[in-house]
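**Q** Construct the entire structure; sequences and hints are all you get.
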Amino acid sequence: MFKAYKKLWLGLGLFMILSPLGLLATGTAFGEWGTDQLPEEVGFVPTGLAKLADLWQHAPMPDYGIPGLDASFMQSAVGYILSAVVGVALIVAIMALFTKMVKE
Amino acid sequence: MHIPDGYLSPQTAVPFLALMVPVWGVAVKKVKENLKKREVPVLAIGAAFSFTIMMFNLPIPGGSSAHAVGAVLLAILLGPWSACIGVSIALIIQALVFNDGGIMAIGANCFNMGVIMPFVGYYCYRLVKGNADVTSGRALVAAAIAGYVGLNFAALFTGLEFGSQYHLFQAADGTPLYFPFPIKVAVAAMMSEHMLLAGPVEALVTALGLGFVSKNYPELISKKYMKIGNGKWGVESHV
Numbered sequence: 444m445f446k447a448y449k450k451l452w453l454g455l456g457l458f459m460i461l462s463p464l465g466l467l468a469t470g471t472a473f474g475e476w477g478t479d480q481l482p483e484e485v486g487f488v489p490t491g492l493a494k495l496a497d498l499w500q501h502a503p504m505p506d507y508g509i510p511g512l513d514a515s516f517m518q519s520a521v522g523y524i525l526s527a528v529v530g531v532a533l534i535v536a537i538m539a540l541f542t543k544m545v546k547e
Numbered sequence: 005m006h007i008p009d010g011y012l013s014p015q016t017a018v019p020f021l022a023l024m025v026p027v028w029g030v031a032v033k034k035v036k037e038n039l040k041k042r043e044v045p046v047l048a049i050g051a052a053f054s055f056t057i058m059m060f061n062l063p064i065p066g067g068s069s070a071h072a073v074g075a076v077l078l079a080i081l082l083g084p085w086s087a088c089i090g091v092s093i094a095l096i097i098q099a100l101v102f103n104d105g106g107i108m109a110i111g112a113n114c115f116n117m118g119v120i121m122p123f124v125g126y127y128c129y130r131l132v133k134g135n136a137d138v139t140s141g142r143a144l145v146a147a148a149i150a151g152y153v154g155l156n157f158a159a160l161f162t163g164l165e166f167g168s169q170y171h172l173f174q175a176a177d178g179t180p181l182y183f184p185f186p187i188k189v190a191v192a193a194m195m196s197e198h199m200l201l202a203g204p205v206e207a208l209v210t211a212l213g214l215g216f217v218s219k220n221y222p223e224l225i226s227k228k229y230m231k232i233g234n235g236k237w238g239v240e241s242h243v
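Those sequence lines, one after another, are chains A and Z. Okay, so the first sequence: first residue is 444 according to the working numbering, each after it adds one. Okay, so the second sequence: first residue is 5 according to the working numbering, each after it adds one.
Since the hints were made in silico from the structure, they are not lab data. A virtual CB, placed ideally from N, CA and C, is assigned to each residue, including glycine. Some hints here could point you the wrong way.
[Claimed, not checked] With beta-carbon atoms standing in for the labels, derived distance ranges:
1) Lys188(Z) with Phe487(A): 18 to 28 Å
2) Phe487(A) with Gly134(Z): 47 to 57 Å
3) Arg142(Z) with Ala493(A): 50 to 60 Å
4) Ala447(A) with Asp137(Z): 21 to 31 Å
5) Gly486(A) with Glu37(Z): 45 to 55 Å
6) Asp513(A) with Pro14(Z): 24 to 34 Å
7) Thr469(A) with Val30(Z): 35 to 45 Å
8) Phe487(A) with Leu212(Z): 38 to 48 Å
9) Val485(A) with Asn135(Z): 46 to 56 Å
10) Phe516(A) with Ser140(Z): 35 to 45 Å
11) Thr490(A) with Gly134(Z): 46 to 56 Å
12) Val485(A) with Pro14(Z): 16 to 26 Å
[As the list claims (entries may be wrong)] Over the 12 Å line for every Cβ pair with chain Z, so calculated as not near, a few chain A residues:
13) Gly511
14) Leu512
15) Ala514
16) Ser515
17) Gln518
**A** What follows is the structure in structure tokens.
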């Protein structure tokens, strides 16, 4: 998996290290407001939305961070980079399954 | 563009999930048939790149944010079905591990960013590139346009899915049950953000990415266009 395409791996690594730049945009994307933001953004919390919003509560690193580690930009940046590492590792592990499935 | 849980009614979100199951089935079959063992790391890197690029939030004036996706680059390099697998895996991990995008909304999100975007982008790229060489300037321009168009089609579909909820699902007192704005507002907001900001970034990422790969790993691209697979020439064998 890691033998070839060194430059692509390096490029990916560079993007992972630089990922905290994405934290500088603090605004919430359109249509992705949390139930805590909806009163301000919309004026109310739609009742159907409220019932479904917290459907998934098992995300270990919600919002690409480590719970409790968000006191400063540096702490958030560490959580963000670590999130990139975890996400990329999971993706590569899943993709490795294809190595056995595909032809030479 | 990651629709959270609650913004789509179950009547909308679940059919998207049901639709994606056979699409993923076909995609896995296509990838097993057409992807070479030596290309698997490229798919892994491409999916990982898509995951990472989505973390680069771009500030939108007015307090919003948006991001590029990378799906069209993956589609140009390995075909749209490979891109579908790569982006879908990135999106599923984002939902499960990072709570970015809903669980019930995984189908809709994978449809928008993992089907619409790579397929529209891929055919847009081929249309603009024509018979030009993949290392030519025209191919890079085609990649830029394809990235821009692909992302904006994904934004359009997201806006339509959002906005349709307002009209279809209302409480007895007339208040919206799920996404709270009319379709015009949803489409206008999604499109303006992606046409003005995230789209140009996606264009840049797609063209620079293709240029980087064709410069450093020309064999990865040229072989695909030269080889004869199943009697078919060129990229068709990837589709």
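**Q** For a quick check of understanding: which of the numbered hints are violated here, in increasing order?
**A** No numbers; nothing is violated.
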